[in-house]
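Enquirer: Here's the letter readout for the chains.
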Amino acid sequence: MISIQTEDFDVGAEYEALRASGSGTGAVATFSGLVRDSGDLSGVTGLFLEHYPGMTEQVLQGLIDSASQRWDVRKARVIHRVGRLALSDQIVFVGVCSAHRGDAFAACEFIMDALKTSAPFWKKEITGDTEHWVEQKDSDLDRSKAWK
Amino acid sequence: MISIQTEDFDVGAEYEALRASGSGTGAVATFSGLVRDSGDLSGVTGLFLEHYPGMTEQVLQGLIDSASQRWDVRKARVIHRVGRLALSDQIVFVGVCSAHRGDAFAACEFIMDALKTSAPFWKKEITGDTEHWVEQKDSDLDRSKAWK
Amino acid sequence: MTDQNLTVRFFARLREELDTESLELPTTPGQTVGGLLSELAARGGPWAQLQGEQPVMAAVNQAMAKPSTPVMPGDEVAFFPPVTGG
Amino acid sequence: MTDQNLTVRFFARLREELDTESLELPTTPGQTVGGLLSELAARGGPWAQLQGEQPVMAAVNQAMAKPSTPVMPGDEVAFFPPVTGG
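Chains S, U, Z and R supply the protein sequences, listed in that same order.
When we follow my numbering, the leftmost residue of the first sequence carries the number 1, and every step to the right adds one.
When we follow my numbering, the leftmost residue of the second sequence carries the number 149, and every step to the right adds one.
When we follow my numbering, the leftmost residue of the third sequence carries the number 297, and every step to the right adds one.
When we follow my numbering, the leftmost residue of the fourth sequence carries the number 383, and every step to the right adds one.
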């Protein structure tokens, strides 16, 4: 399931929902991304996140489908926030449950890495009264390519 | 921080505690292991977990220390339950927060993989009135060696 | 928008620097994403950056596209900087 | 336990099959983990499995040990099957 939303989310509740995916589930891996004080700039006080409505959901569903073809995925959940976020706010959540831990870790990390380079979100860093559109990192492209 | 306990744990609360590790934290990766209906045997109805008190805590602290030397680890948490567990119960939790997602994923997965082959826990599968000590898996040894 | 036109959308830094969220353009036979990009870049000023040093990504009907991807009447084409979510 | 003895502990399947949680044994000079294992295996019956086909892991003073690890008076030695937690 995929949600693009301005509201915050509750990782505990998301985890409990993933966990309740049947008695064959042995592993739940989750990732949460938070607004950090240093990105392209230091002294970041907030972010603004823009996305391409419609396309974003399709891309994310495609990533879950790809992960489900490569690994045992019992349930997968992606939440991404958009709009204005403050320091330490939650930005993104990816949770995967599987029979086995290797599959849960791999699918969760794959979805996060692929999201970074293929889902149409754009981040603007805010530092006091300056704004700066974040540049895509070569390291993110490398991580994403490593899954091919 | 490490806990070996018979009581259940609350992943949501553990996540919130990890997340509150400062404004440099950009990534939280968690893993939870659950009692699954098929392990060495099928139709598993529960587990019994034994450990070596004292040694377990030392080994787990050593794994957190190793992870902290290899990756940016802001905070790490390991919880492992012992005693009698039922189907779908939570067995283990590993959570790591870091500045970067690659470090959070790697440290979390490393700790779980190394725990599987070096922390003195033993699992007995219960299926109705039969009991069976679980055998160590070659695949677990392989995963653990891959981090060397 | 009529069926003979196509919609072009811009996001993030491009949207801001072009001061344009979307355009409706007539289609020309044999048009491609790359051709459309050249046509828009030829407007000059901030539009020139569509063929400048900074990479521009494209989508047609909300799926990632290449310069050679054909563009048909009724399509939704989008141009945007490399994505930076997560 | 006196300082001249060592404590040997057993866990999991070994604990059950040997029907023994712990032993106190006198130490012999130059004793190693491997030597101790041979000595115990020589008791025969279920003890023979300590040198059987199934691998046995060892710890000395709660740290993983090898057959060559020396065993001193006062040490806590443990034998157990390969671990299966997580």
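Simulated from the structure, these hints should not be mistaken for laboratory data.
Do not rely on the hints blindly, as some may be mistaken.
[Said to hold, decoys possible] Under the rule of at most 20 Å between Cα atoms (straight-line distance), these lysine-lysine pairs were calculated in the PhoX-like manner:
#	chain 1	residue 1	chain 2	residue 2
1	S	Lys124	Z	Lys362
2	U	Lys296	U	Lys285
3	S	Lys145	S	Lys124
4	U	Lys285	U	Lys272
5	S	Lys148	Z	Lys362
6	R	Lys448	U	Lys223
7	S	Lys137	S	Lys148
8	R	Lys448	U	Lys293
Enquirer: Could you run down the list of hints and mark each one as holding or not?
Expert: Here's how the hints hold up against the structure:
no. : hint                 : result
1   : S:Lys124 to Z:Lys362 : 26 Å, violated
2   : U:Lys296 to U:Lys285 : 18 Å, holds
3   : S:Lys145 to S:Lys124 : 24 Å, violated
4   : U:Lys285 to U:Lys272 : 14 Å, holds
5   : S:Lys148 to Z:Lys362 : 19 Å, holds
6   : R:Lys448 to U:Lys223 : 32 Å, violated
7   : S:Lys137 to S:Lys148 : 18 Å, holds
8   : R:Lys448 to U:Lys293 : 18 Å, holds
Checked against the numbered hints above, the structure violates hints 1, 3 and 6; every other hint is satisfied.
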